[in-house]
Amino acid sequence: MPEIGIYARVSTTDQDPQRQLDELREFARDTYDEPEINAYADIIGGTETARGEEYQRLRSDIEDGSLDVVVVHELSRLSRLGAGEIHDFLEFCLSHETSIQDLEVGLEISLEDDLVDRAVSQLIAGVMGDLARVEHKQKLRRIQSGIDAAKEAGRWTGRPPAGFDVEDGYLQVNADEFLTIRRALERIEQGYTYAEAADGTPVAESTLRVLHDDRRDLYFYAAAADERLQAAAQELEPLEKPDIPDDTRLPEQDIRTIVRDEIHRHQQ
Numbered sequence: 001m002p003e004i005g006i007y008a009r010v011s012t013t014d015q016d017p018q019r020q021l022d023e024l025r026e027f028a029r030d031t032y033d034e035p036e037i038n039a040y041a042d043i044i045g046g047t048e049t050a051r052g053e054e055y056q057r058l059r060s061d062i063e064d065g066s067l068d069v070v071v072v073h074e075l076s077r078l079s080r081l082g083a084g085e086i087h088d089f090l091e092f093c094l095s096h097e098t099s100i101q102d103l104e105v106g107l108e109i110s111l112e113d114d115l116v117d118r119a120v121s122q123l124i125a126g127v128m129g130d131l132a133r134v135e136h137k138q139k140l141r142r143i144q145s146g147i148d149a150a151k152e153a154g155r156w157t158g159r160p161p162a163g164f165d166v167e168d169g170y171l172q173v174n175a176d177e178f179l180t181i182r183r184a185l186e187r188i189e190q191g192y193t194y195a196e197a198a199d200g201t202p203v204a205e206s207t208l209r210v211l212h213d214d215r216r217d218l219y220f221y222a223a224a225a226d227e228r229l230q231a232a233a234q235e236l237e238p239l240e241k242p243d244i245p246d247d248t249r250l251p252e253q254d255i256r257t258i259v260r261d262e263i264h265r266h267q268q
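Numbering-wise (the working numbering), the sequence shown opens with residue 1 and increments by one.
Simulated from the structure, these hints should not be mistaken for lab results. For glycine and all other residues, C-beta sits at the position ideal for the given N, C-alpha and C. Treat the hints loosely; a few may be bogus.
[Said to hold, decoys possible] Taking CB as the label site, the calculated pair distances span: (1) Q172 / G65: 55 to 65 Å; (2) Q18 / G65: 44 to 54 Å; (3) Q190 / E167: 25 to 35 Å; (4) Q56 / E177: 35 to 45 Å; (5) Q18 / A231: 41 to 51 Å; (6) S206 / E167: 23 to 33 Å.
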């Protein structure tokens, strides 16, 4: 009864490795007599190059001599783990008397092959890995190009900042959350500590500290380097920004006094 290891790897949590495992399991049952099948599957982000936990467990079982054959859905996907990973994996399997079978292209490297056959098979596997790496890099470039194009078109990609939502791909201000943040920031300008300002709000003290240091002008004056943020924040009445010339060097305390006076005037 041969011990067969089947390994699948998918790129994101949106994908399910079960389909690959089902195909591998069916192949193993059709190819080997009464196989004992051990399944391994990793879900790893497409840009990640770390070895998955299940891949590590697979290698451990190979090293222990627990597997006669490893069947992978796509051997080329191991190339994402590094330039030499396919070669290393093949050498690792063969040195521990484990054969390898690639389901996608039907490539098989067996212990029964002579040295020439093994060398040719390993060469083919290496080329597969090189092609897969090139394809993967091109895919990442296409994804980045799409993100850049979406930004140029005014669409928001990624997670929105606190106080904003994304609707149909465009940034929209969340009035309740935005004004809650503004009121908390106003309290800081009025002399409250970050903990006191965050108390009673859904905004964490650490988040409030970052927003105050990096994006205070956005929540007070709808001012930001990103035009999409500015446009969305303008939907709510911004405070009037104090008229302080750019070349004026006021102490931080004086600036906070000016801002505090403006906040007080706005609240009247």
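(request) Starting from the range 35 to 45 Å, see whether the pair Q56 and E177 falls in it by beta-carbon distance. (result) holds, 42 Å
(request) State, for the Cβ atoms of S206 and E167, whether the hinted interval 23 to 33 Å holds or is violated. (result) holds, 27 Å
(message) Is 55 to 65 Å respected by the C-beta to C-beta distance linking Q172 and G65?
(response) Between Q172 and G65, where Cβ atoms are some 59 Å apart, the hint holds.
(message) Does the beta carbon distance between Q190 and E167 stay inside 25 to 35 Å, or does it fall outside?
(response) holds, 33 Å
(message) Just to be sure I understand the hint, the distance between the Cβ atoms of Q18 and A231 should be within 41 to 51 Å; is that true here?
(response) holds, 44 Å
(message) If I claimed the Cβ atoms of Q18 and G65 lie 44 to 54 Å apart, would that claim hold in this structure?
(response) At roughly 28 Å between Cβ atoms, G65 and Q18 fall outside 44 to 54 Å, so the hint is violated.
Comparing the model with each numbered hint stated earlier shows that hint 2 is the single one that does not hold.
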